[in-house]
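> Given only the sequences and the hints, what does the whole structure look like? Please build it.
Protein chains: 2
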Amino acid sequence: MSTPAPSFCGLSAATLLNERGVDIVVLEANDYVGGRTLTVKPSTKEEELQFGWVDLGASYVGPTQDHVLRLCKTLGCETYLCKDNHDNIHYSRGRRCRYTSSWPCFWWSNPFAAWDLRSAIIKIQEMVDQVPEDCPWKAAKAIEWDKMTFKEFLNKQCWTRDAKEFLEALCIINNTADDHQVSLLFFLWYVRQGQGINRIWRIKGGAEERKIVGGSQQLCLKMAQKLGGKVVLKKPVFQVGHMDDGIMVKTTDGTVYNGSYVILAIPPVTHMKIHFDPPLPSLRHGLIQRTPMGLVIKWIAFFREEFWVEKGLNGFVTCMDGIEVVTNVGEDYKPGVSSYGLICFICGQHAVRLSQLTATERKNHIYKVIADYEVVHFEEKMWAQEQYIGGCYTSYYPPGVLSQYGPALREPLGTRVFLAGTETARKWTGYMNGAIEAGERAARQVLHAQGKIPSDEVWLDEPKCETVPPLKLCWLETHQPSLGMLLAVIVLLISLFIALLQLY
Amino acid sequence: MSTPAPSFCGLSAATLLNERGVDIVVLEANDYVGGRTLTVKPSTKEEELQFGWVDLGASYVGPTQDHVLRLCKTLGCETYLCKDNHDNIHYSRGRRCRYTSSWPCFWWSNPFAAWDLRSAIIKIQEMVDQVPEDCPWKAAKAIEWDKMTFKEFLNKQCWTRDAKEFLEALCIINNTADDHQVSLLFFLWYVRQGQGINRIWRIKGGAEERKIVGGSQQLCLKMAQKLGGKVVLKKPVFQVGHMDDGIMVKTTDGTVYNGSYVILAIPPVTHMKIHFDPPLPSLRHGLIQRTPMGLVIKWIAFFREEFWVEKGLNGFVTCMDGIEVVTNVGEDYKPGVSSYGLICFICGQHAVRLSQLTATERKNHIYKVIADYEVVHFEEKMWAQEQYIGGCYTSYYPPGVLSQYGPALREPLGTRVFLAGTETARKWTGYMNGAIEAGERAARQVLHAQGKIPSDEVWLDEPKCETVPPLKLCWLETHQPSLGMLLAVIVLLISLFIALLQLY
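So the protein lines, in turn, are chains S and G. In terms of my numbering, the first sequence opens at residue 95 and continues consecutively. In terms of my numbering, the second sequence opens at residue 95 and continues consecutively.
Heads up, a few of these hints could be off.
Part of the chain S face toward chain G, derived, beta carbon under 10 Å [as the list claims (entries may be wrong)]: (1) 271; (2) 332; (3) 336; (4) 340; (5) 479; (6) 494; (7) 556; (8) 559; (9) 563.
EDC-like cross-link-like pairs, simulated, lysine to aspartate or glutamate; straight-line CA separation at most 16 Å [to be verified]: (10) G/324 - G/113; (11) S/328 - G/473; (12) G/217 - G/571; (13) S/546 - S/117; (14) G/457 - G/473; (15) G/328 - S/371.
Simulated restraints, written as ranges between beta carbons of each label pair [to be verified]: (16) S/464 - G/224: 56 to 64 Å; (17) S/454 - G/350: 55 to 63 Å; (18) G/586 - S/194: 53 to 61 Å; (19) G/508 - S/505: 36 to 44 Å; (20) G/114 - S/349: 56 to 64 Å.
These are calculated hints, taken from the structure and not from any lab test. Positions of the beta carbon are idealized from the N, C-alpha and C atoms, including for glycine.
So this is what it looks like as structure tokens:
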């Protein structure tokens, strides 16, 4: 018997084990299955026509996320393309920059900043390529990069405030933690396992290319349905004890489960909720103390008109001026409904401040931002309120943690307790794809421990999804000299010009 | 009924409440009372004569720690002065600097470094003075200083590698966290509430002036003895629930305690071990995820000879060359025993590495460092192994935490749950003094909630201990221009000299 706990990852593990005939029970702390996915269904026919289902948690899938694409196929769920035909906006200090590609181009307002941003992105990708996907702590410069916050790196790398502020926004939106909170090594690793800066930060061809028709939580609901009574809700685990011949798990209502193996499919910090017997090794205990969950308030509003498209905009906005509350806006496009959705992400100090208000106060506060437009429906989710999740999207690593404590990330606790959760994935950690990868790998660890499969069948690569091909980058996206080199070339050309003038 | 949990702080709270006739129970997770104090008693007469009692946890007391000095007096415990008559050593990159005062003087090897270090210390103290003792998040520059690691500050402030490396050592020894792990704001606050850089880092007149005859744990043992059966061991709390008319507390063995109030006298991160009903407010949940315990291995060895004194040394060593394992050594002086003790603190990446070895491997590793001298007795304590403590000395704050989440540090959870633990103290947090201050304050919060005392009697200042007077600083310790200004003066003098030469 194996007992995985909460949701997307645990259900993936349970499904695989169940198919292999292993006797299992899934203990879910919450009163629903889905983990960090949650789809609000319309309660009336009118609502269905107006705005349909709403994803309040993980929502997007994209190319190279082969695990989740395969699961969609298996469970008969369709994906659809998000829209990406118009312009994006980057706000900063009261100014706005309108652009079409992934990166704002400040060419007309500040050509130095445009050059600076492009070369910083290329520099970041060069560093990203030096970080091993599965064990970032083994990067040649792991210790050096882990002693630095991403902010510190930006201060050294960027010449212009525009470039720096956009990359700050990228960090805060990507990691739901401020650039001064995360280590440079973690930032690079997160981008690395998200398949590079040009894929993790992109709609078409990137991490936000697609959504699942009907919402993402249905993947969990369908897996749970197949498992039937083997999934038990409202069973927070508070104790995991090793016995001579197995494992004992206790839930807060006093129920005791005895089994042979356990998969802990929860974020690292949620392991702190469990009293371990014997206590955890000190490296593992150090890790779970040091990897908090990111903080984001997700807020979705539906409007009668698609006013942004009327202005030729995608609805995608990044905002880093420290005045507006919203850090990131994206379009919540859904075919077949009469209203038009925008998703707002509120991050950083604004999220800390707003999380202390009541839901009504928060709503009033955010409504001010969109005063000009009538909202026909509204949903909000603050994952930081969830005791057994702690935040969203995923764990972040402050400086000095990943290089030192990283090796304890996936290391099993003895021979019977295996660690899963999207945070332990080798690819797309923090995403649904990582949750499935980690869950299935942990399930195969159990099968291996049971002697059912050899060790080389535990860590498997997922076959590529043929229908969603990966992105190809153009030459210009990967090549550009630094601003320093550009200036040197300009100075050289001017010198040559003057020299030529002297000659003739 | 009130139920405080683990040790020094909990016992202080319980003692005060018990004296006021409140019906209490103390639930201690471990099988001993003392929290982060632990005194090994000699098991034979021979051991008593040879090395006596050994403090493996908190040990030192000093002037301005008026709470613990008063408690010593109340419980009939004497303090004695640690020795501070000889020279200290600072090792760095294979070189050693011998010095007498609190700060290494590199005057002969590198006068610039000497000047640089002195002016950095004065600069730090100026900044420390701007941080409010009880609410560092209200400092005028709180947000700016919290976006920076202490390492980043040192890189900006210090001109010389010698000065920088010594201050790195100071940080790692003071906070049991690397200079790149802690925010500048936290570093400054910790020094502030430790009554300034010239007191927290000092033997005579400072935090390490005295020890308690017989060891520090006896304070807890004596308090527990007075409380008798009201202290229950091996009762880890895993659930705290609010009911209509009180509080329900459950321990891992299934026992249920019902009461009117609870004091949680545990480090912030240990709150993660508790399942709260209702769940914590998100600011509090964010805080306890983001404040890990420091990491240190404390290692005490006794030698036949006081070989360091023969060389005119105090036994106090700081080491920052990245090669030697030990970060800090101090003398474990005790009158009336025949052997001579040294306490070694192993911090940072060395501690991470060594914590993964077995006790024997670790011992062999450390023995190499002191190969020349015969060890007659040896004790070791790795607090990171303790599930309900998680590390030592205390919590640290990575960048971006104290300014944002700090306000949740001592804020009661509703009207019945009060927060204590040395981490919530206003003075000497992380020390025994802070534990007592916080415990007694939380007890008075309960008394106030019961209507027994008015609100202005909750937060009380402790009367000064007359027998242990505070330190007076000399003028030179607080005044010195920066290296930049020194250089400017030198350039000015040389210019004047040349000008005068031209004149005559």
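> Now tell me, hint by hint, if it's right for this structure.
Outcome of the hint check:
1. 271: Status holds, d = 8 Å.
2. 332: holds (5 Å)
3. 336: violated (14 Å)
4. 340: violated (19 Å)
5. 479: Status holds, d = 5 Å.
6. 494: holds (4 Å)
7. 556: This interface hint is violated because 31 Å lies over the 10 Å limit.
8. 559: Since chain G brings no Cβ nearer than about 35 Å to residue 559 of chain S, farther than 10 Å, the hint is violated.
9. 563: violated (39 Å)
10. G/324 - G/113: holds (13 Å)
11. S/328 - G/473: violated (45 Å)
12. G/217 - G/571: Holds, because 12 Å separates the two Cα atoms, which is no more than 16 Å.
13. S/546 - S/117: holds (14 Å)
14. G/457 - G/473: holds (10 Å)
15. G/328 - S/371: Cα-Cα ~13 Å, so holds.
16. S/464 - G/224: 56 to 64 Å: Given a distance of about 39 Å, which is not inside 56 to 64 Å, the answer is violated.
17. S/454 - G/350: 55 to 63 Å: violated (36 Å)
18. G/586 - S/194: 53 to 61 Å: Because 58 Å falls inside the window, the suggested range holds.
19. G/508 - S/505: 36 to 44 Å: Check passed, 39 Å falls within 36 to 44 Å.
20. G/114 - S/349: 56 to 64 Å: Between residue 114 of chain G and residue 349 of chain S, where Cβ atoms are some 40 Å apart, the hint is violated.
Of the numbered hints listed earlier, those contradicted by the structure are 3, 4, 7, 8, 9, 11, 16, 17, 20.
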